[in-house]
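If you read the sequences in order, they're chains A and B. With positions in the first sequence counted from 1, the corresponding number in the working numbering is that position plus 347. For the second sequence, counting from 1, position 84 maps to 77 in the working numbering; every step adds exactly one.
It should be emphasised that the hints constitute simulated quantities derived from the structure, not laboratory data. A couple of the hints might just be wrong.
Unchecked claim - Simulated crosslink set (DSSO-like; lysine-lysine; CA at most 30 angstroms straight-line): (1) B:Lys361 <-> A:Lys437; (2) A:Lys460 <-> B:Lys52; (3) A:Lys512 <-> A:Lys434; (4) A:Lys460 <-> A:Lys434.
Said to hold, decoys possible - So the derived label-pair ranges between C-beta atoms look like this: (5) B:Ile133 <-> A:Leu495: 51 to 59 angstroms; (6) B:Asp210 <-> A:Gln464: 35 to 43 angstroms; (7) A:Gly562 <-> B:Leu45: 46 to 54 angstroms; (8) A:His407 <-> B:Tyr28: 53 to 61 angstroms; (9) B:Leu45 <-> A:Gly611: 53 to 61 angstroms; (10) A:Trp513 <-> B:Ser182: 31 to 39 angstroms; (11) B:Ala11 <-> A:Lys638: 28 to 36 angstroms; (12) B:Leu33 <-> A:Gly567: 48 to 56 angstroms; (13) B:Leu42 <-> A:Leu536: 22 to 30 angstroms; (14) B:Gly252 <-> A:Gly562: 42 to 50 angstroms; (15) B:Ala247 <-> A:Ala509: 35 to 43 angstroms; (16) A:Asp643 <-> B:Ser16: 46 to 54 angstroms; (17) B:Arg330 <-> A:Thr352: 38 to 46 angstroms.
The structure displayed is predicted, hence computed values, not measured ones. All C-beta atoms in this analysis are idealised placements derived from N, C-alpha and C, irrespective of residue type, glycine included.
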Amino acid sequence: MSDSTFIVLIAIIGGALRVSTPFMFVALGECLTEKSGRVNLGLEGTLVLGAMSAYAISYHSGSPWLGVFAAGCAGAVLGAIHGYVCKLPKVNDIAIGIAMMLFGTGLAFFFGKAYIQPSAPRLESFSLGEWTGNQQIATALQVNPLLLVGIIVAAVMAWAFANTKWGLIVRMTGDSAPAAKAMGVSVDLVRFLSTTLGGFLAGVGGAFLSLYYPGSWNQGLSSGQGLMAVALVIFARWDPVRCVIAALLFGAAGAIGPALQSVGITQGYYFFNAAPYILTLFIMIASAGSKKALRDVPGELSITK
Amino acid sequence: MANLAEPLSSNALPTASASQWRSDLSIRIRRSAEYIAIPLFALAVSAVLFSLFLLALGKSPVQFFQLIIQGGFGTAFSLQNTLQRSAPLILTALAVAIPARIGLVMIGGEGALVLGGFASAAIAIPLVLGKVPPMLALMIMAAIGMGVGALWVGISGFLRYSRGVNETISSLLLTYIGIAIMNFFVEGSLRDLTNPNKPSTMPIGDAYMVGKIPGTDVHWGLAAGILLAIVLHILLSRTTFGFAVRISGGNARAAQAQGLPVGRLIVACCLIAGACAGLAGFFEVAAIQGRANASLVAGYGFTGILVAFLARQNPIAIIPVAIMFGGIVAAGGLIQRRMDLPDATVLVLQGLTFVVLLVSETLYGRFKIFQVSGTADRT
């Protein structure tokens, strides 16, 4: 029993390391966008389109890293459309997000049809658990370089928000557009760039899905990760470092089902699959009324009003 | 409150003179012309953009739109197929439009449809085995489907009202949870083991299926959808409840200051919305599938969002728009076969239309022809 508990625990930790990366990238992208005072609910579509682009480019070029870059660019294009369109008067950023989600998913399925069969070169991984000498642990604790990239991006973002002029401009735009205007900052430009860059990050998160884990392209690749990541930003209270921690937590929640299945507990598999959604919902309920969240929320944000 | 409704509504007062009444009518016509012209313009723009997309891929846009007309509306068979598919679209679009009128972007129709359909298939098992008369059984199934759907969207509404949880995200999360719940039962305790192919609940059997509208091949869901759209339109535009909803949607704070129970109105709108989507699920089970399985997750809930936005959240306008999109969905198979395009082509068209449509919102109030002096900045 204790042995299987151990296996489950290792599998959950390993799963957290494996599954969390797309959450992390999307959450970081959304964090940047929301810091500038705009909401992009369409990152689910960005994630799927990123996954498809990465797989296609990796298949044609033979270089998975080129695929990652292509995914980022595809995400940036979707982000740029969102960013441009939302600056027009009377355009609702939440509704546009839903539309972009459908549009991105549609494009990905359309162009991705041809790539369901072929197998593309995947990203290499390395193990954090080699030193234990335990094969099981070594396999479970394999991590992907993108995870480290994500953590570095988070650290850089946190530092930049706190210490750079650009970080200050983004935060000011998010907290008070009139103040930013008074300082001579173009609110539309800042939000456009933040949404584009946020889309780039979300696209990279999609590349992880198709090029590392699960590691192939199909239409059921993402089921709401992009959306959960958006909710996760509220939970992380718009702090990049807390986004990383929250992403790991979500990865762990997502890994419960498969981990239990690996030791033969299949009862309630679908409920454990639903665990991340339920967790997200509870987190949203818990953080909605909290005073801390109210203190940290960018003032211009429409999603928490 | 009924007294309050009178002077504020846009209807002409009984005391107004004939000339005033005429100018009032002209204002109304001009305004509604704007609401029709701009969405039509948006449709035209997305058709042009989609044609460019097809041209870039070396496909013929002319053939594409011909196939949509042929496959969606060309023959009696395709027209009936279209109407069949527009029934759930009307209902899921109502599930978006009613909360939208009180200012919510609620997109949980898919989840309420799936769970409502599943619940009515599940309650059908004891009813069918117990040989309950079909008419009664169908009424119970419909009530359960609507009730579960109402509950599902109602949760989002309640969370919005009690905790301020963003309803767009929570309703989409609940959709995923709803689908997981259905899968849990359909692949587990309620699985019909005599059917080895696809995990499903027990078929309800032909005797218990909803019939067709006489003289057609279209099930009663279409009639129910149209009737519900009309009823809800009257509810929103001609009753105190509808007036309170519209006030709350326009300015929640003003509504609260007037003493309107905004929170309860929000929850009520969400319950109505969920019941509509649940009813769509009931008809999918009782008129089309005959059982609950993964086929319920067909994206009707998501297409319904687009339909509602294109109809500008107006229940009556939803009917023709839903029929149009029913035709596009129905023609999908034909397009796939004849033009060798993936089945996601329709998704691209829908997504593109949705984006263009929302961008077109920015055009309201920009054209002088639709404006009457003194009303330019009403929105």
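Going down the list of hints, with the structure as the test:
1. B:Lys361 <-> A:Lys437: holds, 18 angstroms
2. A:Lys460 <-> B:Lys52: holds, 17 angstroms
3. A:Lys512 <-> A:Lys434: Distance of about 23 angstroms is within 30 angstroms: holds.
4. A:Lys460 <-> A:Lys434: Violated: Lys460 (chain A) and Lys434 (chain A) sit about 34 angstroms apart, past 30 angstroms.
5. B:Ile133 <-> A:Leu495: 51 to 59 angstroms: holds, 57 angstroms
6. B:Asp210 <-> A:Gln464: 35 to 43 angstroms: holds, 37 angstroms
7. A:Gly562 <-> B:Leu45: 46 to 54 angstroms: For Leu45 (chain B) against Gly562 (chain A), whose Cβ atoms are near 35 angstroms apart, the range 46 to 54 angstroms is violated.
8. A:His407 <-> B:Tyr28: 53 to 61 angstroms: violated, 47 angstroms
9. B:Leu45 <-> A:Gly611: 53 to 61 angstroms: The hinted range 53 to 61 angstroms holds for Leu45 (chain B) and Gly611 (chain A), with Cβ atoms some 54 angstroms apart.
10. A:Trp513 <-> B:Ser182: 31 to 39 angstroms: About 56 angstroms separates the Cβ atoms of Trp513 (chain A) and Ser182 (chain B), which means 31 to 39 angstroms is violated.
11. B:Ala11 <-> A:Lys638: 28 to 36 angstroms: violated, 59 angstroms
12. B:Leu33 <-> A:Gly567: 48 to 56 angstroms: This hint is violated: roughly 36 angstroms between Cβ atoms.
13. B:Leu42 <-> A:Leu536: 22 to 30 angstroms: Given a distance of about 25 angstroms, which is inside 22 to 30 angstroms, the answer is holds.
14. B:Gly252 <-> A:Gly562: 42 to 50 angstroms: violated, 58 angstroms
15. B:Ala247 <-> A:Ala509: 35 to 43 angstroms: At roughly 40 angstroms between Cβ atoms, Ala509 (chain A) and Ala247 (chain B) fall inside 35 to 43 angstroms, so the hint holds.
16. A:Asp643 <-> B:Ser16: 46 to 54 angstroms: holds, 52 angstroms
17. B:Arg330 <-> A:Thr352: 38 to 46 angstroms: Because 54 angstroms falls outside the window, the suggested range is violated.
The structure fails to meet hints 4, 7, 8, 10, 11, 12, 14 and 17 from the earlier list, while all remaining hints are met.
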